[in-house]
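Numbered per the numbering used here, the sequence shown spans residues 2 to 310.
Source of the hints: derived by calculation from the structure; they are not laboratory data. Don't take every hint at face value.
Unchecked claim - Restraint-style ranges between C-beta atoms, simulated for each label pair:
(1) G285 with E149: 19 to 29 Å
(2) R51 with Q21: 17 to 27 Å
(3) D216 with L259: 18 to 28 Å
To be verified - Result set (DSS-like, lysine-lysine): computed pairs, CA atoms no more than 25 Å apart in a straight line:
(4) K5 with K68
(5) K252 with K134
(6) K105 with K93
(7) K240 with K261
(8) K5 with K200
(9) K177 with K228
(10) K123 with K242
(11) K252 with K228
(12) K255 with K5
(13) K200 with K134
(14) K240 with K252
(15) K228 with K212
(16) K72 with K147
(17) K82 with K72
(18) K200 with K177
(19) K255 with K212
(20) K134 with K5
(21) K134 with K240
(22) K147 with K68
(23) K147 with K252
(24) K200 with K212
(25) K242 with K255
(26) K68 with K82
None of the values given here were measured: they were computed from a predicted structure. Each residue gets a CB set at the ideal place from its N, CA and C atoms; glycine is no exception.
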Amino acid sequence: MWFKNINAYQVKNLQITPEQLQEKIAIHSFVPCRPDEESQVGWVSPFGDRNDVLVHGASGAMIFCMKTEEKKVPAAVINEKVNEIIEDLKEKDPTMKKVKKDVKQRIAEQVKQELLPNAFAKIDRLMAYIDSKENMLIVNTSSQAKAERLISLLRASLSEDVAFTPILVNDNPSVKMSEWLLEGTTPSELIVGERCQLKDQEDSGTIRYSKHDLDDSKLRQYLESGKVISEMEFEVESKHKFLINEEFVIKGIKFLDLLKDEARESGADSREAQFDADFAIMVGSFRELIDYLITSFGGVAIAEEEQEE
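Take these sequences, add in the hints, and give me the full structure.
And the structure:
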């Protein structure tokens with residue numbers, strides 16, 4: 002259950018209890034693909050597929066899980082079969098010299114549908130929670146595409162005028178992190194780690210540092226020449242170690258001894274009770290972490306439409 006990523010969104014126009022959310026998302030519960038379907042997406046229990054509880058609430062937050070199933074027939078397999086069919090057609094009709102593009106496409110689609118029932122299915126689960134106290138949605142992925150897919154399903158389930166907006170900060174993360182390293186002005190509670198990635202603002206070239214002291218003269222030379230930090234590792238208060246990227250997404254989170262000890266000492270006597278305790282600890286620690294990082298990067302940026310209001 003422990004999230005490895007924080008992809009944070011502001012939530013507006015949503016007042017809902019765990020019971021109400023359970024009722025709404027149940028309409029879009031996960032249903033496996035039929036033999037002729039390529040993909041399916043829906044909600045499952047954060048406790049596992051055999052549990053009927055789709056939403057778990059604790060500490061003013063509600064956790065839920067999206068499940069996707071995707072079946073892919075490799076293009077090479079389809080093309081091989083299509084070529085065989087075309088060769089058979091040419092043998093039956095020697096006057097046929099070339100197959101039209103639309104005919105070839107229809108054959109390819111037919112082949113795909115024939116192979117789809119036996120295609121390998123890729124299963125993915127993505128957890129997220131709504132923090133009602135902070136009016137935030139936290140999605141456990143660094144991928145914007147996956148986060149947006151979950152939000153799309155959530156909007157469809159809620160059927161309300163709910164707004165989910167990525168949390169942006171006033172200080173550009175790349176510029177700010179580069180400034181911290183160059184000037185030695187990293188906030189006192191942020192311990193710089195041993196990993197970072199630099200990018201050139203004029204081309205797509207990147208330089209990666211791993212298990213390396215970032216107080217490095219060569220690294221500073223890169224920054225002085227115009228390169229910027231696109232992601233960097235930090236540690237905070239012996240609770241979390243993580244990377245922050247240029248989009249203010251927190252990724253690769255590791256929970257350190259202070260939080261692990263708190264979870265072990267929770268006194269939980271069942272799997273569900275331990276889940277509840279772990280979730281409460283995680284939510285509380287994330288609230289502190291997100292608030293501190295937002296402050297460190299100049300506060301939440303206000304959208305233009307909000308400024309006009």
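Hint by hint, here is what the structure shows:
Distance hint for G285 and E149: a CB-CB separation of about 27 Å, consistent with the stated range 19 to 29 Å. A C-beta distance of roughly 24 Å is found between R51 and Q21, which places it inside the suggested range of 17 to 27 Å. Our hint of 18 to 28 Å for D216 and L259 holds, since their Cβ atoms are close to 25 Å apart. Between K5 and K68, the direct Cα distance comes to roughly 17 Å. Compliance with the 25 Å bound is thereby established for this hinted pair.
Distance restraint check for K252 and K134: the Cα-Cα separation of roughly 23 Å lies within the 25 Å cut-off, and the hinted pair is therefore satisfied. A C-alpha spacing of about 17 Å is found between K105 and K93, which places the hinted pair at or below 25 Å, so the restraint holds. With a C-alpha separation of about 9 Å, the suggested pairing of K240 with K261 holds against the 25 Å cut-off. The hinted pair formed by K5 and K200 meets the criterion: a straight-line CA distance of about 24 Å does not exceed 25 Å.
Of the pairs offered as hints, the one joining K177 and K228 holds, with about 13 Å between alpha carbons and a cut-off of 25 Å not exceeded. Only pairs whose Cα atoms come within 25 Å are accepted, and K123 paired with K242 is rejected, the gap being roughly 30 Å. For the hint linking K252 to K228, the alpha-carbon distance of about 22 Å falls within 25 Å, and the restraint holds. In summary, the hint linking K255 to K5 is supported, as the alpha carbons are separated by about 7 Å, within the 25 Å threshold.
Restraint check: the Cα-Cα separation between K200 and K134 comes to about 37 Å, which exceeds 25 Å; the hinted pair is violated. For the suggested pair K240 and K252, the alpha carbons sit about 15 Å apart, so the restraint of at most 25 Å is met. Restraint check: the Cα-Cα separation between K228 and K212 comes to about 20 Å, which is no more than 25 Å; the hinted pair holds. Proposed proximity of K72 and K147 is supported: the alpha carbons are some 17 Å apart, at most 25 Å.
Note on K82 and K72: the hinted pairing holds, with a Cα-Cα distance of about 18 Å set against a maximum of 25 Å. Taking the CA atoms of K200 and K177, the gap is near 14 Å; set against the 25 Å cutoff, the hint holds. With a C-alpha separation of about 16 Å, the suggested pair K255 and K212 falls inside the 25 Å cut-off, and the hint holds. With a CA separation close to 21 Å, the supplied pair K134 and K5 stays within the 25 Å bound.
Taking the CA atoms of K134 and K240, the gap is about 22 Å. The hint holds against a cut of 25 Å. For a cut-off of 25 Å, the pair hint linking K147 to K68 stands: about 11 Å separates their Cα positions. Among the hinted pairs, K147 with K252 is consistent with the structure: their alpha-carbon atoms are about 14 Å apart, no more than 25 Å. Using a Cα cut-off of 25 Å, the hinted pair K200 and K212 holds, with the two alpha carbons roughly 18 Å apart.
As the CA atoms of K242 and K255 are separated by approximately 5 Å, the hinted pair is consistent with the 25 Å bound. Restraint check: the Cα-Cα separation between K68 and K82 comes to about 32 Å, which exceeds 25 Å; the hinted pair is violated.
In summary, the structure is inconsistent with hints 10, 13 and 26 from the numbered list given earlier, while agreeing with the others.
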